Amino acid sequence: MSEKKRRGVGGKIILALTLLFFYFPIFYIILFSFNDSRSLTKFSGFSLRWYEKMFADSTMMEAVFYTVAIALIATLVSTVVGTVTAIGLSKSSRVLTAFVERVNDLPVMNPDIVTAISLLMFFSVLSVRKGFLTMLLAHIMFCIPYVMLSVTPKLRSLDPNLIDAAMDLGATPLQALTRVIVPQIRPGIVSGALIAFTMSFDDFVISYFTTGNGVNNISILVYTMSKRVNPSINALSTIVILLITVTLGIVNIVPILRERKGKKKS
Amino acid sequence: MKQFRSMTYPYVLWISVMIVAPMLLIVLYAFTTSGNDVLTFQFTLENFKRFVTDSVFLAVLWRSLYIAVVTTVICILLGYPIAYAIAQLGDRGNTIMILLITMPTWVNMLVRTYAWMGILQDEGVLNGFLGLLGIGPVPMIHTSFAVILGMVYNFIPFMILQIHTSLAKMDKNLLDAANDLGADPAHAFLRVTLPLSLPGVISGITLVFLPAVSSFFIPKLLGGGQYVLVGNIIESQFLTSGDWNFGSAISMIMAIIIMISMYLTRKADVSVASNGKE
Numbered sequence: 001m002s003e004k005k006r007r008g009v010g011g012k013i014i015l016a017l018t019l020l021f022f023y024f025p026i027f028y029i030i031l032f033s034f035n036d037s038r039s040l041t042k043f044s045g046f047s048l049r050w051y052e053k054m055f056a057d058s059t060m061m062e063a064v065f066y067t068v069a070i071a072l073i074a075t076l077v078s079t080v081v082g083t084v085t086a087i088g089l090s091k092s093s094r095v096l097t098a099f100v101e102r103v104n105d106l107p108v109m110n111p112d113i114v115t116a117i118s119l120l121m122f123f124s125v126l127s128v129r130k131g132f133l134t135m136l137l138a139h140i141m142f143c144i145p146y147v148m149l150s151v152t153p154k155l156r157s158l159d160p161n162l163i164d165a166a167m168d169l170g171a172t173p174l175q176a177l178t179r180v181i182v183p184q185i186r187p188g189i190v191s192g193a194l195i196a197f198t199m200s201f202d203d204f205v206i207s208y209f210t211t212g213n214g215v216n217n218i219s220i221l222v223y224t225m226s227k228r229v230n231p232s233i234n235a236l237s238t239i240v241i242l243l244i245t246v247t248l249g250i251v252n253i254v255p256i257l258r259e260r261k262g263k264k265k266s
Numbered sequence: 001m002k003q004f005r006s007m008t009y010p011y012v013l014w015i016s017v018m019i020v021a022p023m024l025l026i027v028l029y030a031f032t033t034s035g036n037d038v039l040t041f042q043f044t045l046e047n048f049k050r051f052v053t054d055s056v057f058l059a060v061l062w063r064s065l066y067i068a069v070v071t072t073v074i075c076i077l078l079g080y081p082i083a084y085a086i087a088q089l090g091d092r093g094n095t096i097m098i099l100l101i102t103m104p105t106w107v108n109m110l111v112r113t114y115a116w117m118g119i120l121q122d123e124g125v126l127n128g129f130l131g132l133l134g135i136g137p138v139p140m141i142h143t144s145f146a147v148i149l150g151m152v153y154n155f156i157p158f159m160i161l162q163i164h165t166s167l168a169k170m171d172k173n174l175l176d177a178a179n180d181l182g183a184d185p186a187h188a189f190l191r192v193t194l195p196l197s198l199p200g201v202i203s204g205i206t207l208v209f210l211p212a213v214s215s216f217f218i219p220k221l222l223g224g225g226q227y228v229l230v231g232n233i234i235e236s237q238f239l240t241s242g243d244w245n246f247g248s249a250i251s252m253i254m255a256i257i258i259m260i261s262m263y264l265t266r267k268a269d270v271s272v273a274s275n276g277k278e
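Top line first, the protein sequences correspond to chains A and B.
Per this note's numbering, the first sequence starts with residue 1, numbered consecutively.
Per this note's numbering, the second sequence starts with residue 1, numbered consecutively.
If you're looking for bench data, these hints aren't it; they were derived computationally from the structure.
Treat the numbers as computed from the prediction; the structure is a model and nothing was measured.
Among the hints, erroneous ones may be present.
What the hints assert, rightly or not - EDC-like mimics (lysine to aspartate or glutamate), calculated; alpha carbons at most 20 Å apart, straight line:
no.	chain 1	residue 1	chain 2	residue 2
1	A	227	B	91
2	A	42	B	243
3	B	267	A	168
4	A	261	B	91
5	A	130	B	91
6	A	12	B	91
7	A	42	B	91
8	A	42	A	57
What the hints assert, rightly or not - Every beta carbon over 10 Å from chain A, so not counted as near; a handful from chain B, in silico:
no.	residue
9	5
10	25
11	56
12	85
13	88
14	157
15	220
16	262
17	265
18	268
What the hints assert, rightly or not - Just so you have them, the derived chain A footprint on chain B, three or more residues with Cβ under 8 Å:
no.	segment
19	60-71
20	191-200
21	242-255
The beta carbon of each residue, even a glycine, is placed where N, CA and C say it ideally should be.
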């Protein structure tokens with residue numbers, strides 16, 4: 001065996017072990033969501049009882065609803081606001097751009113718990129009642145910087161005269177924006193929206209500190225329920241895993257397939 | 001262009017209210033005594049003094065730093081060979097492996113941490129496996145080992161992706177050149193590949209250390225209720241004991257430690273970059 005081949009085998013073993021490490025816990029949860037008994041360690045037979053229990057459990061169903069609702073609204077709002085602001089900043093002074101970028105860095109660079117307690121105190125000082133609205137505002141707050149981080153590089157690579165050219169040709173500023181700029185930066189907008197959705201959907205720390213009034217998302221529910229053995233969490237987790245994997249799998253695999261098709265044609 | 005510039009004004013207002021003002025509240029509360037009215041402040045350093053003079057709190061801080069450093073070191077030692085092995089694959093293998101490594105990170109961290117709770121039990125599958133080898137049962141859940149394992153599991157993808165990016169950017173011709181100049185593979189790795197990939201390692205360090213030092217649900221789920229890190233103290237100050245002033249001071253201390261460590265790693269990054277140019 002040549003040395004190169006031997007090294008290739010070593011690498012493949014490392015990668016196989018890596019995938020085992022990453023996926024074992026995920027498959028473990030999926031397997032035990034079908035367990036017949038309460039045990040988290042002994043598999044005693046196939047059953048769907050934890051799924052039935054989950055669907056019958058109104059707190060769980062509410063948590064799923066709140067998670068999806070907040071993720072959708074936060075994604076929509078943060079994508080629009082983030083894109084509009086990023087476009088505006090690309091035409092703004094350096095000082096303003098630097099200010100916005102520095103402030104945007106705060107929630108991105110700071111530990112989540114610091115951002116979370118700052119919002120908790122802020123809402124309390126203003127005596128805003130914590131619940132759905134405060135959690136939603138917090139999610140919009142931490143999602144926008146990620147959208148901007150994903151849109152801004154695309155804007156930088158645009159020809160700075162593009163807007164002028166469009167307006168010289170008779171487009172109104174709004175038309176220049178929606179018909180010329182936005183189509184050019186669409187990939188950045190889409191990936192920004194995707195990051196925003198997963199950040200919001202998966203968030204625990206900031207949600208945990210900014211919610212109240214019995215409004216829970218899936219993460220908070222897992223955290224509070226995991227203190228006692230409750231196999232319905234496995235069922236809920238399995239649904240979450242499936243949802244996220246299928247959505248993002250499609251989003252990531254479709255472009256690869258399309259590219260391959262394009263290559264075949266050409 | 002004025003129309004475009006004005007598109008930023010709502011967001012500037014928004015971040016002033018939603019990011020800047022809340023962050024200033026932390027500073028305000030950290031330096032004031034509790035029980036203030038909103039308008040009469042009593043400035044004090046008592047909150048910081050209370051933290052640095054209490055041996056229990058200091059022990060928790062050291063433990064958090066220790067756990068975060070160990071987690072970061074393990075992530076480098078395991079993440080580097082993994083990233084290197086991925087970089088050796090072809091283009092398609094690269095894309096697929098990176099996708100496979102990113103995919104678990106999309107799944108909720110709470111859910112992934114919760115999964116380890118069952119695996120690490122005394123009668124769990126890992127101890128069952130060790131039992132087949134005639135070892136154990138080794139107590140794993142509610143130990144430092146479980147906490148570090150949970151952190152490595154959650155944060156190592158960041159390290160792998162950063163190192164992989166810097167390895168993938170590397171010009172492969174450099175290795176041929178090193179080979180032509182008589183360097184054996186080990187030598188070429190140490191003198192060419194390793195220095196060129198260090199910026200990836202360094203940005204990986206920040207991405208692992210920062211969440212590791214501030215995490216509070218991983219110690220709670222895998223370390224048990226008795227296992228306390230800095231994040232758990234902050235949580236209890238805000239959600240149980242309601243001492244915002246003390247909690248803010250601890251958060252500031254943690255944020256400062258993180259800022260210093262990020263400054264140091266960035267400095268290391270600059271010196272690595274300038275060494276490379278020589």
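query: Any Cβ of chain A at or closer than 10 Å to residue 88 of chain B, or is the non-interface label fine?
result: Non-interface label on residue 88 of chain B violated, nearest chain A Cβ at 5 Å vs cutoff 10 Å.
message: Confirm or reject: residue 5 of chain B is not an interface residue toward chain A, with every Cβ-Cβ distance exceeding 10 Å.
response: Given a closest Cβ separation of 5 Å, the condition is violated.
query: Is residue 42 of chain A close enough to residue 57 of chain A, meaning Cα to Cα at most 20 Å?
result: violated (24 Å)
query: Checking C-beta pairs, does the segment 60-71 of chain B have three or more residues closer than 8 Å to chain A?
result: violated (count 0)
Claimed clearance of chain A by residue 25 of chain B, with the beta carbon kept past 10 Å: Residue 25 of chain B is in fact no farther than 10 Å from some Cβ atom of chain A, at 5 Å.
Straight-line alpha-carbon gap residue 267 of chain B to residue 168 of chain A, limit 20 Å: Judged against 20 Å, a Cα distance of about 48 Å means the pair is violated.
- prompt: Was residue 268 of chain B rightly flagged as not at the interface, with every chain A Cβ beyond 10 Å?
  reply: holds (18 Å)
message: What's the verdict on residue 130 of chain A and residue 91 of chain B, does the C-alpha distance respect the 20 Å limit or exceed it?
response: Status violated; Cα separation ~49 Å.
query: Taking a Cβ-Cβ distance under 8 Å as contact, does the segment 242-255 of chain B have three or more residues in contact with chain A?
result: Since three or more residues must qualify, the claim that chain A covers the segment 242-255 of chain B holds, with 6 doing so at under 8 Å.
task: Below or equal to 20 Å on CA atoms is what counts here, so check residue 227 of chain A against residue 91 of chain B.
output: Roughly 44 Å separates the two Cα atoms, so the pair is violated.
- request: Report holds or violated for chain A covering the segment 191-200 of chain B, Cβ cut-off 8 Å, minimum 3 residues.
  value: violated (count 0)
- prompt: Under the criterion that the straight-line Cα-Cα distance not exceed 20 Å, is the pair residue 42 of chain A, residue 91 of chain B satisfied?
  reply: Violated, at roughly 41 Å.
Figure legend: structure checked against the earlier numbered hints; hints not met, in rising order: 1, 2, 3, 5, 7, 8, 9, 10, 12, 13, 14, 15, 16, 19, 20.
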